[in-house]
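Chains A and B, in that order, give the protein sequences. When we follow our numbering, the leftmost residue of the first sequence carries the number 1, and every step to the right adds one. When we follow our numbering, the leftmost residue of the second sequence carries the number 1, and every step to the right adds one.
The set of hints was computed from the structure by calculation and includes no laboratory data. Everything numeric in this text was worked out from a predicted model, so none of it was measured. Note that CB positions come from ideal geometry on N, CA and C, so glycine has one too.
Cut-off 20 Å, straight-line C-alpha distance, at most; resulting in silico cross-link-like pairs (SDA-like, lysine to any residue): (1) 129(B) - 115(B); (2) 303(B) - 79(A); (3) 168(A) - 349(B); (4) 153(A) - 393(B).
Chain B is nowhere near these chain A residues, computed Cβ spacing over 12 Å in every case: (5) 60; (6) 64; (7) 70; (8) 75; (9) 84; (10) 93; (11) 99; (12) 100; (13) 104; (14) 138; (15) 139; (16) 142; (17) 168.
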Amino acid sequence: MKRIALLLVLLALVVSGCATTDVAVPDDKKGKDAGIKERNGKDDVIKIDRDKIREGALSEEQIRSQMASLFKDIHFGYNRYDVADDEKANLRKIAEWLLKNSNVSVLIEGHCDERGSNEYNLALGDQRAQSTKSYLVSLGVPASRLETISFGKEKQVCMERTEECWLKNRRAHFVSSK
Amino acid sequence: MEITRLAVTMCLLVVALLCLTENVAARVYIDINSPGLKRLPIAVLDFAGIAEGTELADIIKSDLDFTGLFVFINKNAFIEDATAPFNPDNWKPLGIDAVVKGTAEAEADGSLSVVASVYDVVESSNILKKKYASRKDLIRPLAHKIADDIYEALTGQKSCFGSRIVFIGQEGDRKSIYLMDYDGQRVKKIVSKGDVTMKAHWSPDGKKLFYSSLRNGRWGIYELDFDTVSEEKLFSSGATDLAGDVTQDGNYLLFSSSGKGSPNLYRLHLGTKIVTRLTHSDHIEVSPSASPDGKSIVYVADKSTVPQLYIMSTDGMDSRRLTFEGGYNTTPEWSRSGDLIVYSGREGGRFQIYTIKPNGTELKQLTDTGSNEEPSFSPDGRLITFTSDRDGVKGVYVMTVNGDGQKRISPRNIRAFGPSWSH
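In isolation and in its complexed conformation, chain A is listed as follows:
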């Protein structure tokens, strides 16, 4: 069932990709670790990208300030790693921006709250980063521009033992990697 849904999403992307010209198609059915196959001739795509960059390229300063305001942490439920519905609008904005700024690559960090074993939390953080990446890939962002890393519960942003704090720590965090 899940697989069929994913295939439909992929099909939809291929179809819509025909109309736009610069959408890359993920080739992995789960969207994880996807390599990229470009639908058009490679040279065409690069040319279009270059034109875009020339026209609308942002300075590093602009990229940094836009990313700071747009790339908000994605939060997760306790012991969950599926992207929650109320985080999807945020990820769609991020995907749009990444498609416009194709020279920017992003590292997605997966984090957890302080509860539970280090090992389990590292696996959980890994899956949070990977499901965030998968969602962006499903929106057309090339997987090659999205790296993931899990920090488990190693890097907390909030130190109190409260529900609010735990929620803040259960996050996918974005860092510009290029």
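Fit chain B to the known structure of chain A by using the hints.
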């Protein structure tokens, strides 16, 4: 099964040989498996002949005390000293059943030569007499060796006094691997590379450690060789790779890797370095620990949406759920005798240590103060080391397999967790 029986037979032979050479009585003074165990009253005299004689006796006493099997009498009550001949009538009025005496000599080359004896007060006999030679600066390992022989003479079992514990110590943001004696002494930092280093796992021969470490933004599994004092990267998928236990035969390292998407279980042959994938699931699987017969693996999976313990056969087949109590059970370790699995589970907002039989019966909670996690068995299976925050900052603790005698062993100035006991 055949191999186990052979090993047992060989152990008996070794013990028999020791009996001949050291005149050890066949009698077992303490049956450590007896349920209504009575603690044995014992006197350990300061060793005569060297300045460190008191230190030597104190370490031996501390070892014996650790087991919870002995009771000690204040040495001010002793009438006989270490150089006087053993006379049971000096000890009977004090209610003492066994006496440990020793003499030591500092040799010309700076080494120590020690003779230790154990006497049975009731039978008026010498049940152990043994000579030791040691470097003077290795007085602690020497004392542990003597205590180990005393323990074996009285119980017929091997002790864990010579064993060691590694743990993760944190200073600031940096996490390093530390090594200490089982009693918390001789603490040494041994690996401080990497931004984050996870709990280390011992090879059964005690010569190697395996652990995951985050280096330059990448997780990898590393091997530390104590003989060559060198470290080697064994595996890195580019995703999250988490070292688990080594199988009892020393052939395989079990681990979890999300290199193919979901964190699934693998094993790496330590000779050929060939990696075999054991499971193919779309959920989280971590923390594998093998049964001593090498036939089964206990691990953590979130198949039921929350982490629970499962047991599968070594080839990845026939998975069955082990824990049904509690909504968050992790970090299992299989005892080396195979009869128990120890793990930590959430109880209210905290974690506690539990043991359970591999067939899912006899669930027992061992801790209830603070949050207690990451348990690991001593080689003889009688003790468990674990992490606790009961005193505020996390530290490494020890208790018996029944939960008795819980005490902190790691130094108070280091935030310490993730202990792992050598085999």
